[in-house]
Structure formats: structure tokens, C-alpha cells
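> Now for the letters of each chain:
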Amino acid sequence: MPPEAATEHWGSEGARQQAAHLGMWIFIATEVLLFASLFTSYGVYRSVYPEAFRAAQLTMDVGLGTLNTFLLVTSSILVALAVHAVREDRPGLGGVLLGAAALLGIVFLAVKGVEYAHHVKEGSLPGDFYRLREVPQVGASLFFTLYFLLTGFHALHVTVGVGLLTVLAVRSASGTFSAAYTTPVELGGMYWHLVDVIWLFVYPILYLS
Amino acid sequence: MSPSAAEPERLPPDNYLADGHTLWSWLTTKDHKRIGVMFLGLTLFFFFMGGVFALALRIELLTPGRTIMGHLAYNRMFTLHGVTMVWLFMIPAIPSAFGNFLVPLMIGARDVAFPRLNLASVYLYVLGASIALWGMFEGGADTGWTFYTPYSTTTGTAVLPVLLGVFIIGFSTIVTGLNFIATVHTLRAPGLGWMKLPLFVWAVYGTAIIQVLATPVLGMVLLLVALERVVGAGIFDPARGGDPLLFQHLFWFYSHPAVYIMVLPSMGVISEAVSAFSRKNALSYRMIVYSTLGISFVGFFTWGHHMFASGQSTFGAGAFGAMSMLVAIFTAIKIFSWLGTLYRGSIAVEAPLIYTLGFMFFLFFGGMIGVAYATTSLNLHWHDTYSVVAHFHFIMVGATVMAFLAALHYWFPKMFGRTFPGKLANGAALLVIFGFIATFVPQFLLGNLGMPRRYADYPPHFQTLHVASTTGASLLAFGLLCIAGYLAWSLRYGAIAGDDPWGSEGFEWKSQSPPPTHNFPVTPEYPTGPHEYAPREAEVPHAA
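From first to last, the protein sequence lines stand for chains B and U. Note that the working numbering has the first sequence beginning at 585, numbered continuously upward. Note that the working numbering has the second sequence beginning at 183, numbered continuously upward.
In silico SDA-like cross-links for lysine to any residue, where the CA-CA straight-line distance does not exceed 20 Å:
#1 212/U x 593/B
#2 692/U x 593/B
#3 692/U x 595/B
#4 212/U x 594/B
#5 605/U x 672/U
#6 705/B x 413/U
#7 212/U x 224/U
#8 212/U x 595/B
#9 212/U x 604/B
#10 378/U x 709/U
#11 212/U x 600/B
Just so you know, these hints were derived from the structure itself, not from any lab.
Taking the hints into account, I'd like the entire structure generated from these sequences.
Below is the structure:
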């Protein structure tokens, strides 16, 4: 059950849950706006430097990007199943599913790390550090600046999400949640789906050309 | 406002101020009223600091050539003034201080939806403000409060900590806005429908939408400028293929709506004060509500009017100009409604009402000039002159500070349970309004004659007007110090106010003044909307 202290100024548990969900949706809206400014910048510079952006995109490792998409979508499905399990009053199963989703998140970050290592070796880095020989144009360095901003901010969100999922997994496995108290799992799930959805936009504009 | 013999001589013992006297009890409080009071103290402190910086600027401009500081010091000083006033005072002042204190009281709730997040917003604000100010005093940014690229990415001054500080304050704003939206949606007392909400709550709600949706973009654009400085990211640097205009677009996408973060809550204060001091409900409640929401919506599509001189397409400029004029229509609806409310009301001439009238004058005058600015031809003549300085001070200071002072006086008895010397307050109000006019009217004239903004020096023939402006600023400062003096005195020695010293029917007065920690021992009932005064009361002259 929810801790007493959290309910003292609420008329009912229903109102408290409604506020928690509304708060999460508003937070998601702020996240969307945060990324929107990066997507806007991408759109602007892609229309200014279409050739350089295309050339830069061709140097990207589509295989690793697709693998990561697969990992995130799978973990999102696991989280959805975990929410379902907790609602069905099976917090143990929910904990296992959340743990598995967190694990996939860690693998995603590892793959991202491998990609970043490639970029460092090739010199496809933002701003002043750019020294990729294959695509020397000015616009390509902007592509990689935006690449690192988009994937970097996204990776930051994945890291936070992995932490959240881990905590939720442990608490769920130890029986904190039940059919009567699902809110934290639902909110954690919403956050993880947000991270997933953002990637579904980041992936095509950076990897697929 | 003199206490009659029947009134109590001591504050109610169960008020929120008496619930723990230690510093620790304040630092760890989750009570929205204490958080509001803390924000009030913090914003007043930064208002004072910003005022000191402004006076330093006015003193420098007293004579042509060097008066007290050189050019770089002047640039740093106006940045300090702008950053302090905009980011540390005006943006948080009314929503975070009065909004936090009043919104739960006005909707019959015991607290905001997320009290812990609310406390976090205080700490975020303090952290951001400390970092920004440390940067200002350590290296002193000289970019102005707008951080325009490419100057902000190339100047040698300490822009980085200021950017970081403003970035962190942005999170404080977001948290506050998120809290208000969730609170208004989920914590209204039973029977209090949307169309019965006090207009201040609507104004804070409209503001919260802007706070939540615009601030993240500011956060990102400030981070991009920071990255530009640290790793040469190139996004805003033409030498690396970037475009400095993108900065202006992203910055004003936030910062124009941010003007409404400053003005909308002020309009809410005025709506409350007009009703309370004319003993009438708003003339057209629904129109005020719709125009509030209209401003928060249209505000997102007007950013381009800051960039008329930056090389927009003619169509773009026309579209942004038309959208900007829509805001003027919404504002005019409010002004007509306030005037209509005052008309044939039972007027009580108290300090909040005087500030309210000042607000309406400054908003109307400044706003009409704003409409003139929205035409591109006049805009080009006045661009980057002192007229612009005077115009946005009329709106931002004239309106926001007037509303802030109205709120401070109107709700002082609510917050602290004591009244202030009424005659003195009325005198100070007139002094402040007069000082304000005397400061900025000469600046309109200076700008029209061609005096550019952001210069420490000027040709001698501008001196008369500059001296007039500085004199006005001194009067304004003196008036504000008077207010600080008698309010500080009243905190301790003011007469006990009783629960509703103004005889207001606003919902916040349904609770005891100052309210107990959980606001309402019994959730109040809401049979009518706010400020529904019985007809007979309008005929009875109330205690002055």
C-alpha cells in the first residue's frame, strides 16, 4: 500500500493517482520540448546541407543502430508486460520483467559505447574535434555535433531509466507493489516508453538515409 | 484600515508561522505557505539587488563620458541588472511566491499536489541563483540577459556559470508549473468547478502551461551556447557552418512566452484586487478566463517579432506581427473587463487599488506602444534604442512590479495576519507610480531622438533627459524603500488584521489569517463563484 505520509492531503487515493499520472504526462511534455529543440536544429541544418548530411549518414553503422532499436523496443514490451503483471497482483513476475528490461537498457548503453569508440577512432566528433577524412564538409561536422547531442541526451535518459527500472524491479520483487498499489511501476513504465519513443525518432533521422 | 475594539489582539495560535520557529523547520518544510513565504523573501532580496544595479546604471548615465564606471563595467552592470531582475525576480516573483501561497487556499486544498517537489524548487532556485551570481561577481558576463550569439560564445567574460545558473533556475520554474497544473486539476474542493475558480488561479494555470512547455527549450538553448563555448560545437557559429539566427529563434521561442510568465500572473492579481476593492465580481469572468488561455496559447507564436531586424521573410514578419496584435486584443479584453468591474462599484481606495490603477495605466500605455512596435516600419526606427528600454520597462516593471506590490499589500494580512499603515502605503504607492513615470517617459523621448541602448556614453545634448530619468529613478527607489520600511515594521508591530480585513469575498479569505498549517480544519463549501458580493453590501460604506 502507499505510505501514509503521501496521502495526507488527498481526499482519496484515486485523486492521488490521477495527480501522479498527470504530473508524469506534464513531465513527458517537457522532455518532448527539450528534444524538440534538437530535432528543430537537425531539420534546419539538414535543409541547409543536404549533401553533407547524406554523406555523413552513409558513414554510420546501421547494423548497430538497428540492434539498439531492437533492444529498446523489446525492453519496452517487457516493461508493458511488467505493468500488466503488477496489475494482476503478480509483483514477483513484474520484478523479473523489469529487471530484464533494465538489463536490455544496459546492453543498449554498451552498444552505444562501442559506437562512440568507433567515432572517436574515426574522428567523427563534434565541432573543433571533427577530423573525419571521408566527409570533410562543414555541414558534416554539424551532423556529428547533432548526432552526439541527440544520442548523448538520449543515453543520459536511458541511464536514468535503467536506474529507475532497477529500483522498481527490486521493490517489486520484494513485494512493495500489488494490484492495489501500481502507480510507481506505471510511472516508471511511462518514462521508459518515452525514452523508447524518442529513440524511434532519433534512429531514422541519424542512421537511415 | 484601523482595527476596531472588537478585533483580537493576538495572532491565532495555530497559524502556520507558529508551527515551528527553528530555521530547520523552515528549511525542511513541505507547507506550500512557508515555501511561498521563502520565495517571497528570496525574490524581494533579488528585487533589491536588481534595483541597486539599476541605480548604478542611472548614476553612470547622469553625465556624458565616465561618471562612476567604465564601458566594460557598465556592460557587466546592465547584464547583472537584467539577469537579476528577469531570471531571479520577475519570473519567480508572483507565481512562486504568491501562487504557492494562494492557489491551494483558493481552491480549498490542504497543499499543492507534490509538496516535496515544491520544496525542491526552492533549493533549485537558490542553487541556480548562487551559481549565476557567483559567475557575475567572479568574471561578470557582459552579454545582456539575452545571451545573444555570436557575442555570448566569443566574449571572454564568465558567461558559463551564468548560463548554468539560469539553466538550473529553469528547472525550478518547470517544477513549480508542473505542480500548479496538477494541483488545479486534482485538488479542487468538492463543488468547486472550473468556472468558479478565482481568476488568479486561472492566471497561474495559464502561466504554468507556458512555464512547462517553453522552459525546456530555454534549457536546451543555454546548454548549446555552453557547449559552443566549451567544445566549439558549431551550432551557432557561421565559421563552422552554424547559424546565429537559430539561437535567436530558439531563445525567443522561450523568452517571448516568458514575458507572459511575468505578465499573466500579474493580470490574475489585478483581477482579484479589482473585484475585492470595487465589491463586484468581474464584469465578464468567462472572457477573462478565455483571454488568459488565449494569451498563453498565442504567446507561443509571436517570438518572431523580436527578430524583425534580423532578416526575416516579409511573410514571416507579417505573420508574427499579426499574431502579436492578437495578444493586444486579449489584453484589451481584460482591461475593458476591469474597467467595467470598477464602474459603479463600491470603490475602496487602498494601496492595492492604487497599484492596480497604476498597473492598468502602464499596461495600456506600454501595450499600445507595443502595438506600434508590431508594425515593422516603426520597429525599424526604434530598434535597439532607448524607446525599447522604456517600452519593455513599462510592461515588465510598470505592470509586473505594480501587480507584485498590489499583491504584496493585498495579501500581506493574509500571509502575516497584520495590517500596515494605510495612509503611508497610499502615499508610497503614489510616489512609486510618479517616480516610475518620471524615470521612463524621458527614455521614450531619448530613444525617439536616436539614443541607442547599452551605451555608457552619449553626446552632451541628451543630458537633460538623462538627468530627468535618473531623478525619477531616485524617487522610485525612495518610494520602494518606504514600502520596505513600513512593511518590515508591520511584520512585528502592525495591528492584528483578523481573518478578512478587506471584507473580500475572494476564496482565499475563507481560511483563517494567517492560515493554520493544513489550511482548512473543515473543507469549505463553494455555493457561489468568488467575489459574489450581496447587493446590500455594495451600498454599505466599508471601513477605510
